[in-house]
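S.K.: Using mature numbering (1 follows the signal peptide of the UniProt record, and there is no 0), the letters of the sequence shown map in sequence onto residues -16 to -1, 1 to 184.
No lab work stands behind these hints, which were simulated from the structure alone.
Among the clues, some could well be false.
Here are the simulated lysine to aspartate or glutamate pairs, DMTMM-like style, with alpha carbons at most 20 angstroms apart [unchecked claim]:
| hint | residue 1 | residue 2 |
| --- | --- | --- |
| 1 | 80 | 104 |
| 2 | 117 | 34 |
| 3 | 53 | 68 |
| 4 | 80 | 34 |
| 5 | 53 | 104 |
| 6 | 2 | 46 |
| 7 | 80 | 31 |
| 8 | 117 | 46 |
| 9 | 2 | 104 |
| 10 | 53 | 96 |
| 11 | 53 | 35 |
| 12 | 117 | 177 |
| 13 | 80 | 35 |
| 14 | 53 | 34 |
| 15 | 2 | 16 |
| 16 | 2 | 31 |
Using C-beta positions, here's what the derived DEER-type ranges look like [to be verified]:
| hint | residue 1 | residue 2 | range |
| --- | --- | --- | --- |
| 17 | 124 | 36 | 46 to 52 angstroms |
| 18 | 172 | 11 | 55 to 61 angstroms |
| 19 | 94 | 9 | 54 to 60 angstroms |
| 20 | 66 | 124 | 41 to 47 angstroms |
| 21 | 70 | 1 | 51 to 57 angstroms |
| 22 | 7 | 70 | 42 to 48 angstroms |
| 23 | 2 | 90 | 17 to 23 angstroms |
| 24 | 78 | 108 | 18 to 24 angstroms |
| 25 | 124 | 5 | 32 to 38 angstroms |
Note that beta-carbon positions come from the ideal geometry of N, C-alpha and C, so glycine has one too.
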Amino acid sequence: MLQLLLPLLWAGPLAQDKRFTLTVQTPVTVQEGLCVQVACNVSYPQDGWDDSTPAHGYWYREQAGAPDKVLVATNNPSRNVQEETQGRFHLLGDPKTYNCSLDIRDARRTDDGFYTFRVERGSVARYSYRQSKLTVRVTGALQNQTPGGCLGNRTGLSGPGAEVMLVAIAEAAVKTLLLLPCLLVLMQRHLLEALSLCLM
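Using the sequences and the accompanying hints, generate a full structural model.
M.R.: Here it is as structure tokens:
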């Protein structure tokens, strides 16, 4: 009897509909005051909608100890997002093209937590991807850090790693400029030697 009940239990609310999948980089770590762009792709069945049907996406943050989720970003103009995330959280991707990428700016400690994406398109493609949650970790800010600074990377990295990359690029540029006169002098000497050999 138990063997017959197990498949039914598994097919309950925790079971994932294989027609709906979401791929997102997680966990994502960002320093307080900086920004991060999270790459995300989503799939849903082409059922109950056509190309002209709008697709709406919603990012929700889970609240500890509370059953309700907080809407932090959406492309649906008729829905209001949490006041704390207005102007900081943006749904960069277009769910119509199966893109659910999220942009977080001026990260705050309160942004730390778990996030769930939901898509709504037509009468059938209406699904919350609870099995593929995004984890966001917000770390302490650095000294002399520009609030809201974003280096535009889309790998989920911000802060020291990106700053080190910029410093390395700057150092390489300076070294190239310093070596350029030396190379010109060497080339000039080589040409003069070759010319003198030809005249002999």
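S.K.: Between residue 53 and residue 34, is the straight-line Cα distance small enough, at 20 angstroms or below?
M.R.: Outside the cut-off at roughly 30 angstroms; violated.
S.K.: Check the following: the C-beta atoms of residue 172 and residue 11 are separated by a distance inside 55 to 61 angstroms.
M.R.: Holds - the Cβ-Cβ distance for residue 172 and residue 11, about 56 angstroms, lies within 55 to 61 angstroms.
S.K.: Residue 53 and residue 96 were given as a pair; does the straight-line alpha-carbon distance stay at or below 20 angstroms?
M.R.: holds, 14 angstroms
S.K.: Do the alpha carbons of residue 80 and residue 34 lie within 20 angstroms of each other, as the hint requires?
M.R.: holds, 10 angstroms
S.K.: Can the restraint linking residue 2 and residue 46 be considered satisfied, given a maximum Cα separation of 20 angstroms?
M.R.: Distance of about 23 angstroms is beyond 20 angstroms: violated.
S.K.: Taking the beta carbons of residue 70 and residue 1, is their distance inside 51 to 57 angstroms?
M.R.: violated, 32 angstroms
S.K.: Taking only the CA atoms, is the gap from residue 80 to residue 104 under or equal to 20 angstroms?
M.R.: Status holds; Cα separation ~10 angstroms.
S.K.: For the pair residue 94 and residue 9, does the Cβ-Cβ distance stay inside 54 to 60 angstroms?
M.R.: Taking Cβ atoms as reference, residue 94 and residue 9 lie about 21 angstroms apart, which means the hint is violated.
S.K.: Residue 80 and residue 35 were given as a pair; does the straight-line alpha-carbon distance stay at or below 20 angstroms?
M.R.: holds, 8 angstroms
S.K.: Could you grab the alpha-carbon distance between residue 2 and residue 104 and see if it respects the 20 angstroms cut-off?
M.R.: holds, 16 angstroms
S.K.: The hint says 42 to 48 angstroms between residue 7 and residue 70; measuring C-beta to C-beta, is that right?
M.R.: Given range 42 to 48 angstroms: violated, Cβ gap about 27 angstroms.
S.K.: Assess, step by step, whether the Cα of residue 53 is no farther than 20 angstroms from the Cα of residue 104, and give holds or violated.
M.R.: At roughly 17 angstroms apart (the allowed maximum being 20 angstroms), residue 104 and residue 53 satisfy the hint.
In this structure, the hints that do not hold are numbers 2, 6, 11, 12, 14, 15, 19, 20, 21, 22 and 23, in rising order.
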